[in-house]
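A.B. asks: Protein sequence lines, in the order shown, are assigned to chains A and B.
Residues in the first sequence are numbered consecutively from 4, following this note's numbering.
Residues in the second sequence are numbered consecutively from 134, following this note's numbering.
Relax, there's no trap hidden among the hints.
List time: in silico PhoX-like cross-link candidates among lysine-lysine, alpha-carbon distance up to 20 Å:
hint, chain 1, residue 1, chain 2, residue 2
1, A, Lys37, B, Lys136
2, A, Lys108, B, Lys167
3, A, Lys86, B, Lys136
4, B, Lys313, A, Lys98
5, A, Lys108, B, Lys324
6, B, Lys145, B, Lys578
Bear in mind the hints are in silico, worked out from the structure with no lab data behind them.
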Amino acid sequence: MTIEVNGKSLEVDEEGYLANLNDWEPNVADAMSKEDDLELTNDHWEIINFLREYYEEYQIAPAVRVLTKAVGKKLGKDKGNSKYLYELFPYGPGKQACRYAGLPKPTGCV
Amino acid sequence: MAKPDFEIPELKADTEAPAVQEGTMSHSSPFIAKPEHQRPLSYPGELVEDWHDRAIAKMSDLLGKYRSFRVYLDSCVKCGACTDKCHYFLGTSDPNNMPVGRQDLLRKVYRRYFTLVGKYLPGLVGAQNLTREVLDEWYSYYHQCSQCRRCSVFCPYGIDTSEISMAAREILNDIGMGQKYCNEIIAKVFKIGNNLGLPEPALVDTLEGLEEDVFEDEGVEVKYPLDEKGADVLLVTPSADFFAEPHVDGLIGYGKVFHEAGISWTLSSHASEAANFGLFIGSYENMRNVSMRIREAAQELGVKRIVFGECGHAWRVAYSFLNTLAGPFDFLDPKYPIPQHILEVTHDLIKRDAIKLDPSANDDIIVTFHDSCNIARATRMGDMPGGQFVIPREVIKAAVNNFVDMAPETIHDATFCCGGGGGLLTDDLIELRVKGAVPRMNALKHVIEEYGVTHMAAICAICKSQFTKVLPYYGMGMDMIVSVHQLVSNAIVLEAKQ
Numbered sequence: 004m005t006i007e008v009n010g011k012s013l014e015v016d017e018e019g020y021l022a023n024l025n026d027w028e029p030n031v032a033d034a035m036s037k038e039d040d041l042e043l044t045n046d047h048w049e050i051i052n053f054l055r056e057y058y059e060e061y062q063i064a065p066a067v068r069v070l071t072k073a074v075g076k077k078l079g080k081d082k083g084n085s086k087y088l089y090e091l092f093p094y095g096p097g098k099q100a101c102r103y104a105g106l107p108k109p110t111g112c113v
Numbered sequence: 134m135a136k137p138d139f140e141i142p143e144l145k146a147d148t149e150a151p152a153v154q155e156g157t158m159s160h161s162s163p164f165i166a167k168p169e170h171q172r173p174l175s176y177p178g179e180l181v182e183d184w185h186d187r188a189i190a191k192m193s194d195l196l197g198k199y200r201s202f203r204v205y206l207d208s209c210v211k212c213g214a215c216t217d218k219c220h221y222f223l224g225t226s227d228p229n230n231m232p233v234g235r236q237d238l239l240r241k242v243y244r245r246y247f248t249l250v251g252k253y254l255p256g257l258v259g260a261q262n263l264t265r266e267v268l269d270e271w272y273s274y275y276h277q278c279s280q281c282r283r284c285s286v287f288c289p290y291g292i293d294t295s296e297i298s299m300a301a302r303e304i305l306n307d308i309g310m311g312q313k314y315c316n317e318i319i320a321k322v323f324k325i326g327n328n329l330g331l332p333e334p335a336l337v338d339t340l341e342g343l344e345e346d347v348f349e350d351e352g353v354e355v356k357y358p359l360d361e362k363g364a365d366v367l368l369v370t371p372s373a374d375f376f377a378e379p380h381v382d383g384l385i386g387y388g389k390v391f392h393e394a395g396i397s398w399t400l401s402s403h404a405s406e407a408a409n410f411g412l413f414i415g416s417y418e419n420m421r422n423v424s425m426r427i428r429e430a431a432q433e434l435g436v437k438r439i440v441f442g443e444c445g446h447a448w449r450v451a452y453s454f455l456n457t458l459a460g461p462f463d464f465l466d467p468k469y470p471i472p473q474h475i476l477e478v479t480h481d482l483i484k485r486d487a488i489k490l491d492p493s494a495n496d497d498i499i500v501t502f503h504d505s506c507n508i509a510r511a512t513r514m515g516d517m518p519g520g521q522f523v524i525p526r527e528v529i530k531a532a533v534n535n536f537v538d539m540a541p542e543t544i545h546d547a548t549f550c551c552g553g554g555g556g557l558l559t560d561d562l563i564e565l566r567v568k569g570a571v572p573r574m575n576a577l578k579h580v581i582e583e584y585g586v587t588h589m590a591a592i593c594a595i596c597k598s599q600f601t602k603v604l605p606y607y608g609m610g611m612d613m614i615v616s617v618h619q620l621v622s623n624a625i626v627l628e629a630k631q
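Between the sequences and the hints, there should be enough to build the whole structure, so can you do that?
C.D. replies: Written out as structure tokens, the structure is:
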């Protein structure tokens, strides 16, 4: 399976996650969100950028609590919760936002 | 919540057996494992050319190894007692999801190759050759069994469909047809130490964050130690406890209990996973390899006790198999159960007044409890029969003033699976998961309407994630589901708080 981004075909797995993390560029997130009928706003990009930074340091997506705490610190306490994240990413922040950010899917009992 | 491309069942006051509809779930089939998921588990990377002969040889091997397997295949008399007991049948109407229907998928091949009548007069006993169609049917329907063992409670012969499912999955793995979800995860445990693939620095960062949060909330320095040599207790907990909600609130609770009781404890980065998916794929070798990490960590850290966090099948593997898989544990303190469940620890501390709970801290909620299948039907807690039902409820009742049980035919050893157990907690099986949750959702809806229940507590990472995901499909809030130690965490009186 592939996804078309800027005229390039990028390989994705069965669930639409990028096969090669290095293929990521901001247009990937745009292309994926378009398929989900979701328009990315600055609020979405705040999350996507944080996920990428965290992944770069720790080689894993942040735990939900780590993410909500970071969001709360940066954007205000009223946004530092799962509810806010689910409003942005209705398929689940852990999975949908990770996919847009080019991260692998979190596996396990989550 | 994603928009479903299937019909969501309507909830009813009572769960009734539906009229049979053939093939409603024949399309359900999880992603097949890729070579990189198969090889670390010592399985062929893809379907082998001689899959037919190899599958029959593997079946023969399992029949020789596990006496129970042959007895289960031989002893069914088609009495029908199991037919309306599986949550997946109740939610999908597919007769292959009746436990007897599921067993027969393997039984018909067993009869063809391993019984006299089946060899010579196959039509007489419903014996059938192993064909590619049969193989695909196995892959589909043996990944529609959560190995919860509810049917075995009602079978007069005690046939355990979960063991037949495990055998089927082992045969499938052995010919290179593994399931991606389970095998990718087991490979991650071998490589990194946990299902999620959380490396040590991420664990450190997450645990430091928890210490900060608890200090901010409580003004008490509760520690969440990692790899601390010489600690008394090694806590082995599902990695979802580090990562997901509401799991992490349970982990916060374990830490508060240890802190308040003055028990020195540690987590391990090497054994940062309680779950053991080797069970789900019926593989003794893989189950053993996962278990050995716990032994290694316990020895390395020099602990005296091993305690398991809230994880259903982990407690089954721990309680029933750990000593033979990874024992002997003669280096641990024999004064304590080996291994021990966190609920046993907390329960004992409450009984001895070694920790104090103030249940009024949870007065804003009315709680019910979901018995996790593996804990209910494959383990025990404490030293009395049925302790696995009593102890969690006693801990909950010490932590909350308002507790209500769901209908008796849906709790204790008759509990319904959450719908996501046994290696099925994956998005590619979401239809099955949503439909399989029907009996539990019915029972929950009833206590919500009748008693105003606001929250359902669980003691299994899979149950917690599954309910978080499926509750919204039925118009209920995902935050209804809580960890038992989250309730404890809210209610425990910490010294500095007094």
